[in-house]
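Let the hints inform the model, and build the full structure from the sequences given.
Heads up: the protein sequence lines correspond to chains L and U, in order.
Sequential numbering from 1 applies to the first sequence in our numbering.
Sequential numbering from 1001 applies to the second sequence in our numbering.
None of these hints come from the bench; they were simulated from the model.
Treat each hint with caution, since some may be false.
Claimed, not checked - Here are the computed lysine-lysine pairs in the DSBU-like style, where the Cα-Cα straight-line distance is at most 30 Å:
| id | chain 1 | residue 1 | chain 2 | residue 2 |
| --- | --- | --- | --- | --- |
| 1 | U | K1170 | L | K82 |
| 2 | U | K1163 | L | K343 |
| 3 | U | K1081 | U | K1170 |
| 4 | U | K1081 | L | K117 |
| 5 | L | K343 | U | K1081 |
| 6 | U | K1081 | L | K82 |
| 7 | L | K117 | U | K1163 |
| 8 | U | K1098 | L | K264 |
| 9 | L | K82 | U | K1163 |
To be verified - The following residues of chain L were derived to be distant from chain U, with all beta-carbon distances above 12 Å:
| id | residue |
| --- | --- |
| 10 | M40 |
| 11 | K82 |
| 12 | F160 |
| 13 | V169 |
| 14 | E202 |
| 15 | E210 |
| 16 | Y274 |
| 17 | R282 |
| 18 | M294 |
| 19 | P315 |
| 20 | E336 |
| 21 | F342 |
| 22 | E347 |
| 23 | V355 |
Claimed, not checked - One-sided excerpt, in silico: chain L residues whose CB lies under 7 Å from chain U:
| id | residue |
| --- | --- |
| 24 | L73 |
| 25 | H77 |
| 26 | L118 |
| 27 | W246 |
| 28 | N265 |
| 29 | P267 |
| 30 | G356 |
| 31 | V358 |
| 32 | G370 |
| 33 | R387 |
Glycine included, C-beta positions come from ideal geometry on N, C-alpha and C.
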Amino acid sequence: MKARTVNTTQIDKLAETDLEEIRNERVTFERTPDMPSEHMILNFGPQHPATHGTLHIVLELDGEKVVGATPHLGYLHTGFEKLGEYRSYNQFVTLTDRMNYLSPLSNNIGYSHAVEKLMDIEITPRCRNIRVALAELSRLADHLLCVGTAALDIGAFTAFLYGFRAREVLYDLFEAVCGTRLTTSYTRVGGLLRDVPDNFAEMARESVEETLTAASEIDRLLTHNRIWRDRTEGVGVLSAEDAVAWGATGPVLRASGVDWDIRKNEPYLGYEGYDFDIPIGRNGDAYDRYLVRMEEIRQSAEIVRQAVENMPSGPVNAEEEHAVLPEKSEVYESMESLIYHFKMTMEGHGPTPPVGEVYAATEAPNGELGFFIVSDGSREPYRIRVRPPSFINFSLFPMLIKGHMLSDVVAILGSLNVIAGELDR
Amino acid sequence: MENQEERQTEGVDPQEPDQGEVTARIRARFVDASVRRGNAVGCESVIAELDSLHPFMTFLRDDPELAFDYLVDVTAVDRLKLDEAIRYAVVYQLYSYKFNRRFSVSVPVPEADPRIESVVSVWPGANWLEREVYDMYGIVFDGHPDLRRILMPDDFGSHPLRKDYPLHGKGERDNFVF
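Take a look at the structure:
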């Protein structure tokens, strides 16, 4: 971290340049009239371990108290939305992995869900159960890492290691299913890359056990820990009204006491058939966000068990002519499938939704992950927009940090679970 | 797909007889405004051409029969390559916690002077979303408290999600000073 006091002549010099944007920035510095000698500007990031990626916050400090925060995003901006306009519907799946890289499967599933809604494709029951199981398993992985790193940032190293150990088992499962640990790209329009391996149920149960063990260990380490509670209780309090007005979603919204989860309120993938509860917080502080995530781990574990237990047999790809790729195993054996596969992936072919637009949302670990797709009837989306939960949750940060101490910056950041890849896309 | 043609014709005809509940309520309140049916799949949507956006959005939020208290998303579409008279459209996704209902509003914005009223005073969460639309499309939001670029560098100069902006950029990368 680099600290420097405000040098007004330097700002004036910048303002002399004809760049309007920089001039606008100067306005934000001028807003506090009593600033001159007392306040200090502190750069938090872009290379700070607690930013979990690269993000940059300019903090305005009065002693150790934060009086203002200006986040600067875009360090990981990759232009996925622009690139998506030049990629076919199945190719875009690989880009969704790279947005929230802690739970890439949730992104894959959310995206495919949107395209299927646009094309009116009904996926098979087996595919639905596999997607639910994997979405919940990646929620486990995401929450374990979020809780672990939030504790790490505050100084509790052990909880992080316990979380990582269980996450390793989950990642082994993802590797067995998708072939990769991080860039899963597992879904396809109307189906999946391939069926899950035979020992999937066993692996899923094992990783759920491992996760629950880790969760109870973290629970014993943190929940009644004096230091942890002192650092998180009453920190970054978000009222229910503010949470709704600012559009917060996921654990951040629920910790503020709003009972809303897309899995319950607008069920997709057959979530209405699962027995699980939505944990709600009371105070909307960093501690409640931690508690909500911990309980979600237990509830998601329950969903995984149910999804695996009631796994239907049958194909994983929907039978939709000219929309869904054939099973890969068939491509190697049957001439028909080979030709079909070839044609589907060649330029000028592949899934082509009708003209129209769609917005479809799923409950990702961080909140509402929405995909807005405009189709002009060609094989590439005309416009593809991601509604990233981190982006909207992070916009609350300047409000939440105001009046807190410098050391609370990492506590609040950790509780919002800001993923820079998703933030900047 | 057999319902493809059926869906394609949707939204084109402004005299669509079966208007939804939300659209009916909007039309009853904003009699003079042009409120056409949008072509969103799976939820009710309108294309609204308005003199003033602010009262319209405030109505959507405050009306007890609508209560769209959650602004899900603000984005834009550059319709340069579509058969549309007006180049841009700003699209708002709304949700009502009370009625568990989604709604989408699309507002056309002309190319010559791309300007639209900001809704930050209606939903504070619009702040960063509108900044992103400004950054990517150059659409100016009147009344926004802090309209700066958000993802691209301050001196970038172009608006990359416009359809006439090339995928590989205009050489900005080479001119970038580290």
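The hints, checked one at a time:
1. U/K1170 to L/K82: Status holds; Cα separation ~14 Å.
2. U/K1163 to L/K343: This hinted pair holds, its Cα atoms lying about 28 Å apart.
3. U/K1081 to U/K1170: Distance ~20 Å between U/K1081 and U/K1170 Cα, so the pair holds.
4. U/K1081 to L/K117: holds (24 Å)
5. L/K343 to U/K1081: Since the Cα atoms of L/K343 and U/K1081 sit roughly 26 Å apart, the hinted pair holds (cutoff 30 Å).
6. U/K1081 to L/K82: Measuring from Cα to Cα gives roughly 15 Å; hence the hint holds.
7. L/K117 to U/K1163: holds (25 Å)
8. U/K1098 to L/K264: holds (14 Å)
9. L/K82 to U/K1163: holds (9 Å)
10. M40: holds (22 Å)
11. K82: Per Cβ check, L/K82 is inside 12 Å of chain U; nearest 6 Å; violated.
12. F160: holds (30 Å)
13. V169: holds (35 Å)
14. E202: Nearest chain U Cβ is 37 Å from L/E202, so the label holds.
15. E210: It holds; L/E210 is separated from chain U by about 35 Å at its closest Cβ, greater than 12 Å.
16. Y274: Label holds. Min Cβ-Cβ 19 Å, cutoff 12 Å.
17. R282: holds (18 Å)
18. M294: For L/M294, whose nearest Cβ neighbour in chain U is about 25 Å away, the distance exceeds 12 Å, so it holds.
19. P315: holds (19 Å)
20. E336: Given that every Cβ of chain U is farther than 12 Å from that of L/E336, nearest at about 21 Å, it holds.
21. F342: Check passes; 22 Å lies beyond 12 Å.
22. E347: holds (16 Å)
23. V355: violated (5 Å)
24. L73: holds (6 Å)
25. H77: holds (4 Å)
26. L118: Holds: closest Cβ of chain U sits about 6 Å from L/L118, inside 7 Å.
27. W246: It holds, given that the least Cβ distance between L/W246 and chain U is near 4 Å, below 7 Å.
28. N265: Hint on L/N265: holds, closest Cβ of chain U at ~5 Å, below 7 Å.
29. P267: With a closest approach of 11 Å, the L/P267 hint is violated.
30. G356: At 5 Å from the nearest chain U Cβ, L/G356 passes the 7 Å test, so the hint holds.
31. V358: Hint holds; L/V358 Cβ to chain U Cβ min 4 Å, cut 7 Å.
32. G370: Holds, about 6 Å.
33. R387: holds (4 Å)
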